[in-house]
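A.B. asks: What follows is the residue order along each chain.
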Amino acid sequence: MDLRDSFRNATRAIFAAKMRSFLTMLGIIIGIAAVVMLMGVGNGTKKSILSRMQSSGSGNLYLTAGARSNVLMGGGGPGGPGERSGVSSGAKITEEDLAYIEARVTYSIVVSPTNQTNITIKNGDTTMSGTGIFATPTYFEVDNVTIADGRMISTSDIDNRTRNVVIGATVQTTLFPNESAVGQPIRINGASYNVVGVATAKGETVGSSVDTAIVLPFSDGEKSFGVVHNVVQRTTIKCVDPTQSSAVTTEITDILTRKHKKVDFSIQDVAAMTALLTSSMTTLTTLLAAIGGLSLLVGGIGIMNIMLVSVTERTREIGIRKALGARERDILVQFLIESSLLSIAGGALGIVISVLGSDFIVSRFTTTSITGSSILLAVGFSIAVGVFFGVYPARTAARLKPVDALRFE
Amino acid sequence: MNLIEFNDIRKTYTIGTVTIDALAGVSFDIGEHEFVAIMGPSGSGKSTLMHILGCLDTPTSGAYRLEDHDVSELRSNDLAHIRNRDIGFVFQAYNLLPHLSALENVLLPCTYSTHIMSGRDEKVRAHELMERVGLKDRMYNRPVEMSGGEQQRVAIARALMMNPPVILADEPTGNLNSKGAREILDIMKELHADGKTIIYVTHDAIIGAQAERVIRIQDGRVVADERN
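Just so you know, the protein sequences line up as chains G and C, in that order. For the first sequence, the numbering used here gives the first residue as 1, with consecutive numbering after it. For the second sequence, the numbering used here gives the first residue as 1001, with consecutive numbering after it.
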């Protein structure tokens, strides 16, 4: 029996019982749609997290006071899980510490010390709350912040303790909806400042966004906002070669441990965090796909069930075909093609539904990303389900003795 | 030369603890171009005999030679090949596939054929056969749209499709009225005149009397073998 005949027979049999075929396919449709969509959500989430991590600077290290054993973020240095001392023990990072590190580190790095505090920003009658970031000129390079209008905070702003500030894009649109803020006065916590630049909008990043922040000269912090003298809350260290981030982490840990005589600080490596997040998102995606796969399994069992019913119903047909010369293989192939077609058609419909469904999800909830590989996986899976769950009924049919099949009423 | 040689064919069924000898040692020969009726009351074993003759079933013991092949030794694929090429079946219940047209039913054996006949040759032959059984106008009808007699004629055309030497008919007129039965018998007589070997099973003495030779079966044994 040639394959074309087999396909014609199979499509005939499928169309002969339209409702039943559709209900059988429904299991596969739902299963494939679930797998593709859940994988899409998983991949999409992973992508958006990664792009956020990257926009906050790949190859960056975060140096903060207090030894932390933050297992999830992979930082913590050699402190180990037992020593959870925290900032309260009086541990701190000072500007001298940073100078000490910069003098001794052998890799090429850029250091950006920052302090942060919540502030109220006011222009005329419009008020908004935001973040005050006290930073040095290196902040812009290290945190990937570019200037849309005006200029950055300069070294002379730091040295001269000026009241020049750079505002975030949201601050610009909220407080100066109709004009450029550059050159305009602005009030921060009641004190008067002068806007010299506007940062380019960055969208969401990990941690606080520069969009709703105002960047002030680092030296202004303790003078006007009560930031503790000579303390750096958070230092971002950019490795010029991002691939060296782990080696730089080790070296800085050594240098600072020697100076402090103990590990009372922690260094978080964005690259390591990214790697960890990527791997945990992959695990999550796999888990989601597996949950979808369960419904595919149920769909497969549905196919097997209906094929068994079909074999019983068509026992006489099988007998007739055998009497006319059909071999076991011919009958086997006939039923296998039928179950595979059901499953493949279900898979195709499932993919269509998942593409439509993921558009719906994107527009309402979260990003999804349906990749070619997840579609390939779905197609492969639906063929496999059709064949796997079709084999048993098809073999049952093929092995019927012709005389028994013919006698069947 | 003998086309069929049955030598001490036995068929035993075991149902629970009871053993039933459907065939208790049957021997006969059927030559080429014979026209044979196998007769017997129901339960005599004639259907079992028919199934073994048609390679639809295998004997428990005994030797069956068909066209000089020892059929009792063959495996299922070879038996399928013999059913396709050497035997044309006609059943009491016609056994047409209901979702196929008459023509498609006639063409069905080609699907399982290892012969190399082009698709067009097959169709030409199927048309000729439909014409021969007087159903030229019913080619594209489905079985449900046809009378019993017409369906049985389609079945005969199907049996002839692969041009087998033997036509095996199991109560071919059993479901038909006397007119339909006569038509079927006439066709079979024509086929015999054309050189086919015809073997049919019946319990009807009038139908049986039409054959040249009658083999009578009772309780799984041959009780008479007469030529008319």
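What the hints contain is simulated information worked out from the structure, not anything from laboratory work. Treat the hints with care, since some could be wrong.
[Unchecked claim] Cβ pair distances, simulated, as ranges:
#1 Ile383/G <-> Glu1145/C: 35 to 43 Å
#2 Gly380/G <-> Met1139/C: 53 to 61 Å
#3 Gln1218/C <-> Ile383/G: 53 to 61 Å
#4 His1099/C <-> Gly372/G: 56 to 64 Å
#5 Ile291/G <-> Gly1016/C: 47 to 55 Å
#6 Arg407/G <-> Glu1032/C: 24 to 32 Å
#7 Lys401/G <-> Asp1219/C: 18 to 26 Å
#8 Ile383/G <-> Asp1204/C: 48 to 56 Å
#9 Ala1224/C <-> Arg407/G: 24 to 32 Å
Quick caveat: nothing in here was measured; it's all calculated off a predicted structure. Beta carbons: idealized from backbone N, C-alpha and C, even for Gly.
A.B. asks: Each hint: holds or not?
C.D. replies: How the hints compare with the structure:
{"no.": "1", "hint": "Ile383/G <-> Glu1145/C: 35 to 43 Å", "in the structure": "holds (38 Å)"}
{"no.": "2", "hint": "Gly380/G <-> Met1139/C: 53 to 61 Å", "in the structure": "violated (43 Å)"}
{"no.": "3", "hint": "Gln1218/C <-> Ile383/G: 53 to 61 Å", "in the structure": "holds (56 Å)"}
{"no.": "4", "hint": "His1099/C <-> Gly372/G: 56 to 64 Å", "in the structure": "violated (39 Å)"}
{"no.": "5", "hint": "Ile291/G <-> Gly1016/C: 47 to 55 Å", "in the structure": "holds (49 Å)"}
{"no.": "6", "hint": "Arg407/G <-> Glu1032/C: 24 to 32 Å", "in the structure": "holds (30 Å)"}
{"no.": "7", "hint": "Lys401/G <-> Asp1219/C: 18 to 26 Å", "in the structure": "holds (24 Å)"}
{"no.": "8", "hint": "Ile383/G <-> Asp1204/C: 48 to 56 Å", "in the structure": "holds (53 Å)"}
{"no.": "9", "hint": "Ala1224/C <-> Arg407/G: 24 to 32 Å", "in the structure": "holds (27 Å)"}
Violation of the numbered hints given earlier is confined to hints 2, 4; the remaining hints are satisfied by the structure.
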